Amino acid sequence: MALSGIQIYKMLPQTNCKECGFPTCLAFAMKLAAKQVELGTCPYVSEESKKQLAESAAPPIRLITLKSNGTEVRAGNEVVLFRHEKTFFNKPGLFLRVKASDPGIAKKVATADTYKVNYVGMDLTIDGYAIEADGDLPAAVKAVREVTKRPLILVGGDASLLDSSLSLLAGEGTLIYAADSSNCEALADVAKKHKASLVVKAETLEALSDLTQKVQAQGVEDMVLDLGGKNLGEWLKLSTQARRLALKNFRPLGYPTIFFAAQNGTDKEAVYAAQAIAKYAGFVVIDTFAPEMIYPLLVLRENIYTDPQKPIQVQPGVYEINSPKPESPVLVTTNFSITYFAVANEVEGSGLPAWLVVTDAEGMSVLTAWAAGKFDAERIAKAIKGFDVASKVSKKRLVLPGHVAVLSGEVEEELPDWEVRVGPREAVDLPAFMKQALN
Amino acid sequence: MPIEIPKDKWPGNIRAITIGATSADGGTRAKAVTVGGGTTMPYLQFEAPTPNKPVIAIEIKSRKPEDWSPLLAEFWGEALADPAQWAKKAEETGADLIVLALTVEDGPDDAVKAVKSVLGATGLPLIVWGPGQAEKDNELLVPVSEATKGERLVLGICEDKNYRTIVATAMANGHLVQARAPMDVNLSKQLNILISDMGMPKDRIIMDPTTGALGYGIEYGYSVMERLRLAALQGDAMTQFPMLVTPGFEAWKTKEAKVGEGVPEAWGDWKARAIHWETLTAMSLVESGADIVVLRHPESVKRVKEAIEELMVAA
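Chain order of the listed sequences is A and B.
The opening residue of the first sequence carries number 1 in the numbering used here; numbering runs sequentially from there.
The opening residue of the second sequence carries number 440 in the numbering used here; numbering runs sequentially from there.
There's no promise every hint is true.
Derived DSBU-like pairs: lysine-lysine, alpha-carbon spacing no greater than 35 Å straight-line [to be verified]: (1) 51(A) / 31(A); (2) 694(B) / 741(B); (3) 268(A) / 500(B); (4) 268(A) / 694(B); (5) 575(B) / 588(B); (6) 448(B) / 230(A); (7) 628(B) / 310(A); (8) 392(A) / 692(B); (9) 692(B) / 385(A); (10) 744(B) / 230(A); (11) 628(B) / 86(A); (12) 692(B) / 108(A); (13) 86(A) / 641(B); (14) 692(B) / 382(A); (15) 10(A) / 446(B); (16) 694(B) / 108(A); (17) 555(B) / 710(B); (18) 268(A) / 503(B); (19) 396(A) / 692(B); (20) 448(B) / 268(A); (21) 527(B) / 744(B).
If you are wondering where the hints come from, they were derived from the structure by calculation, not from laboratory data.
Computed from a prediction, not measured in an experiment: that's the story for all the values here.
Let's have the full structure, built from the sequences with the hints guiding it.
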């Protein structure tokens with residue numbers, strides 16, 4: 001549990017020496033509690049206090065990093081139950097499961113590995129592969145490593161097989177699946193030897209806690225939990241309970257979780273994965289490589305893991321909708337993502353061509369930005385001139401959002417050679433407006 | 440080691456609200472639907488049972504929609520041109536409720552006729568939407584409300600612009616209202632207060648907190664719904680209403696669902712993608728507390744229904 005400023009103060013020298021840069025030890029303690037300074041700034045803190053403070057500062061859910069020579073995937077370090085309370089930090093890694101027995105394994109992975117989809121300017125991809133040890137695992141690992149640089153999960157309970165496979169992946173952070181009460185000692189040894197992370201699996205949270213403590217006693221710190229959960233309701237229950245306990249600093253369950261989305265069939269896979277993304281999974285394993293499923297899942301993951309305190313902004317600029325021609329109208333809006341999406345979607349759906357000028361309104365919606373002075377005649381004129389919109393059009397016709405009709409006079413003054421029109425207040429009315437008023 | 444599972448005890452709860460009146464209650468519906476009543480965050484049945492499961496409404500229109508995706512037309516076919524036939528097919532497809540959306544082309548007589556034909560074709564409770572323009576909504580919903588007195592319809596969409604007229608007619612004729620506010624906890628609450636202040640009984644308000652589609656703002660809708668639920672459980676009476684959301688409407692206007700050609704190859708198969716778009720939009724909202732989910736495609740209906748069944752099993 002995080003300590004309060006007063007609790008931290010009691011562990012400091014309380015000499016008010018000011019060498020940390022703060023007037024009193026209490027002021028320094030308050031900054032420490034708010035995680036705004038490092039404890040190392042205090043030259044006189046005792047070793048014992050250091051240890052205690054470090055323990056209390058450890059995240060409630062351990063950060064697990066899977067890495068290879070190419071990329072890394074992190075899970076854990078989460079601090080809240082609901083995204084609006086702060087934010088969710090480490091997006092659950094999306095892994096595709098392939099079978100060692102599959103002669104086409106390398107081809108399958110190679111195809112999936114090139115998958116890339118653009119969403120609001122970001123390239124989204126699959127994070128890695130889970131190789132099922134139902135055949136020659138070392139051979140499969142070799143084959144897969146030839147076609148991908150992404151991190152791996154090895155799925156199989158045989159310690160010696162895992163040992164020889166991990167030898168092929170020296171220097172990487174691989175995840176082993178899974179240790180249960182029958183094999184945890186052997187697998188913990190293998191994990192320790194290869195510095196791999198280890199999934200621990202049990203039927204109940206009690207049994208799972210016993211197991212993580214046992215594995216930890218063997219010297220493995222990096223663990224991932226398989227909570228079980230045979231249907232959506234059960235996973236939601238277990239996942240919520242484990243998250244709550246971890247956030248209350250119950251250390252035996254303070255690890256990220258892994259969830260297999262296709263466990264009840266591939267037709268339920270997308271829905272299962274969607275719940276796992278929203279409800280606290282650290283790693284999600286899918287069995288189907290299907291762009292039409294992976295794209296929505298990657299987008300959902302971006303959405304759930306955006307910082308709720310920082311709205312997604314769209315890059316200001318001129319967006320071409322439905323291949324506009326020089327005589328197409330110029331629509332103006334702000335760079336708040338929802339505003340942009342609403343406008344772009346309606347116009348796109350209407351099939352009518354337009355130039356959409358997105359102004360830098362610091363990510364605010366039209367009315368908010370107008371009220372805050374971030375969307376005024378000057379800024380609009382600056383965008384029109386800055387993006388050289390005039391050179392793209394033959395008919396200089398500008399459409400303002402209806403909510404800022406009041407700006408039209410000033411915009412006319414700023415842009416004297418433009419015809420300024422006032423559009424509808426809501427994006428949904430744009431197609432009708434464009435059909436009727438802009439011909 | 441024995442673990443004490445942390446459980447939340449909430450002072451508040453969501454109201455259980457019944458839509459549709461059977462003959463015993465002065466209406467004509469074969470069955471009524473009750474939603475809400477929860478006393479925990481969604482489906483945490485280790486804390487308390489979820490008394491009423493979320494329901495699926497299928498959206499139909501009074502006239503053949505010209506701008507709907509061909510993927511939807513593929514299934515609904517000729518029914519698209521006949522609201523009665525469409526409603527019947529929606530019931531067979533697994534709808535618990537029907538949403539009938541009127542259009543701007545409808546006059547008051549057309550609207551009443553369409554509503555009556557749907558009431559005649561199915562025994563399911565009915566939600567009726569105006570075309571979404573304040574004045575036109577009032578023009579159509581008032582006669583509909585009067586002509587269906589006692590049916591316990593849900594009348595929408597009731598927004599800050601036109602709530603007075605719709606609430607007044609719903610109160611006079613024994614209907615419910617769908618209170619819609621744009622993705623904001625305080626605006627939702629404020630509208631509920633205004634509606635209650637007119638004297639509308641609190642068991643006749645359904646909240647529509649609105650939502651974006653997957654990829655188009657769903658994170659806002661998701662968090663607003665979670666916050667409304669938390670506020671309700673903490674005891675804020677003006678947020679304790681069941682929530683209706685429209686993932687079908689939202690998803691099917693995105694490019695990802697709507698467009699089959701000229702899109703990136705990484706988007707994959709059009710039909711499968713469109714259904715995923717609607718299903719995952721709906722699933723996110725089910726997880727965050729939706730009580731009524733309005734959908735358009737039969738496959739999405741099937742998947743979301745199955746998911747709800749699984750969530751309702753007390754683990």
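Notebook entry, point to check: CA of residue 744(B) to CA of residue 230(A), is that 35 Å or under?
Noted result: Holds, at about 18 Å.
message: residue 10(A) and residue 446(B) were given as a pair; does the straight-line alpha-carbon distance stay at or below 35 Å?
response: holds (32 Å)
Next item on the list: Compare the distance between the alpha carbons of residue 575(B) and residue 588(B) with 35 Å, and conclude whether the hinted pair is satisfied.
Entry: At roughly 20 Å apart (the allowed maximum being 35 Å), residue 588(B) and residue 575(B) satisfy the hint.
Does residue 692(B) lie within 35 Å of residue 396(A) when you go C-alpha to C-alpha? Answer holds: residue 396(A) to residue 692(B) is near 30 Å, not above 35 Å.
- [ ] Sort out whether residue 108(A) lies within 35 Å of residue 694(B), counting only the CA atoms.
- [x] Given that 35 Å is the threshold and the Cα spacing comes to 29 Å, the pair holds.
Restraint check for residue 448(B) with residue 268(A), where alpha carbons must lie at most 35 Å apart:
holds (33 Å)
Given the hint that residue 692(B) pairs with residue 385(A), does the C-alpha gap stay at or below 35 Å?
holds (32 Å)
### Query
Are the Cα positions of residue 694(B) and residue 741(B) separated by 35 Å at most?
Holds. Residue 694(B) to residue 741(B) sits at ~23 Å (cutoff 35 Å).
Holds or violated: residue 86(A) to residue 641(B), with C-alpha atoms at most 35 Å apart = holds (33 Å)
Between residue 268(A) and residue 500(B), is the straight-line Cα distance small enough, at 35 Å or below?
holds (30 Å)
* To do: Below or equal to 35 Å on CA atoms is what counts here, so check residue 628(B) against residue 86(A).
  => Satisfied, since the Cα-Cα distance of roughly 23 Å is no more than 35 Å.
**Item:** residue 392(A) paired with residue 692(B) [C-alpha distance capped at 35 Å]
**Value:** holds (29 Å)
Comparing the model with each numbered hint stated earlier shows that all of them hold.
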